[in-house]
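> Sequence:
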Amino acid sequence: MSTAEIAEAARTWLFVPGDRPERFAKAAAAGPDVVVVDLEDAVSPAHKDAARAHVTDWLPRAGVTVAVRVNAAGTTWHDADVATLAAFAGPSLVVLPKADSPETVADVLAALPDGSAVVALVETALGVTRAIDLARSPGVVRLAFGSYDLAAELGVDPDHAPALAPARGNLVLASAVGGLAGPVDGVTGDVRDHERLTADVTAAAALGFAGKLCIHPGQVAPAAAALAPSPDEVAWAERVLADATEDGVALVDGRMVDAPVVARARRIVSLNRPTPGAAR
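Per this note's numbering: the sequence shown = residues 1 to 280.
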């Protein structure tokens, strides 16, 4: 699979601080679909250079799919982050924070090898309003939701789901318009509360999200489980696909099956396949 194809299929995305190389292997061992080495929020200004050096050292030998969250465009560190990735011969997968402009996406990709891809991390009010433009931008393979930063800008509680429901819905719609997979939901802050994590993932999935940002290795397995369709859902979808006809309406379990229902069944079956992390 190409970098872009892995990003499109990935459900679990685990952050690891770029200045903590001793944690890189542990993050990979947790089995996320993508390990996200963070050069932004998790790294203090004094450690930015060291974090870039650790990326340069680990990326060629990681043995797993790695994305790098660079610092936002316009910051002191952004250009150096992108230049670090540009030095690699192969394509990079970049998580672009504070994404709000297709032009910024284009600038990042222009500096990187062919085949590189961007996950647009939407975490500002401006970014939410421009989500469709971002989703349609060449090289953007996924939208992700920065719930905590957006909540801070709006002055709302990031754990109060209704406050951010309009923004989440906007990212789902934008992803559909742009032909992208469902967006990746933001983090669950309490790394010990797996019940809360599962509830957060389930609620986001019900809106149309298809991935989760994780901040602790222990969050990966429960997030992956919550994103996978249940056995009952898979059985229903297989019955729908078995009984569906090309030229008419069928009944499955006493309910009408038409083209939208068949499309939903196909999506459920596709979600039942192993993800890149599970396949390792």
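Among the hints, erroneous ones may be present.
[What the hints assert, rightly or not] Label pairs and their in silico Cβ distance ranges:
1) 89 with 25: 22 to 30 Å
2) 235 with 83: 34 to 42 Å
3) 152 with 208: 21 to 29 Å
[As the list claims (entries may be wrong)] DMTMM-like mimics (lysine to aspartate or glutamate), calculated; alpha carbons at most 25 Å apart, straight line:
4) 26 with 57
5) 26 with 190
6) 26 with 41
7) 26 with 243
8) 48 with 22
9) 48 with 79
10) 26 with 49
11) 48 with 149
12) 26 with 8
13) 26 with 195
14) 48 with 8
Derived from the structure by calculation, the hints contain no laboratory data. As the structure is a prediction and not an experimental result, all values here were calculated from the model. Cβ coordinates follow ideal geometry from the N, Cα and C atoms, glycine included.
> What are the numbers of the hints the structure violates, in ascending order?
2, 7, 14
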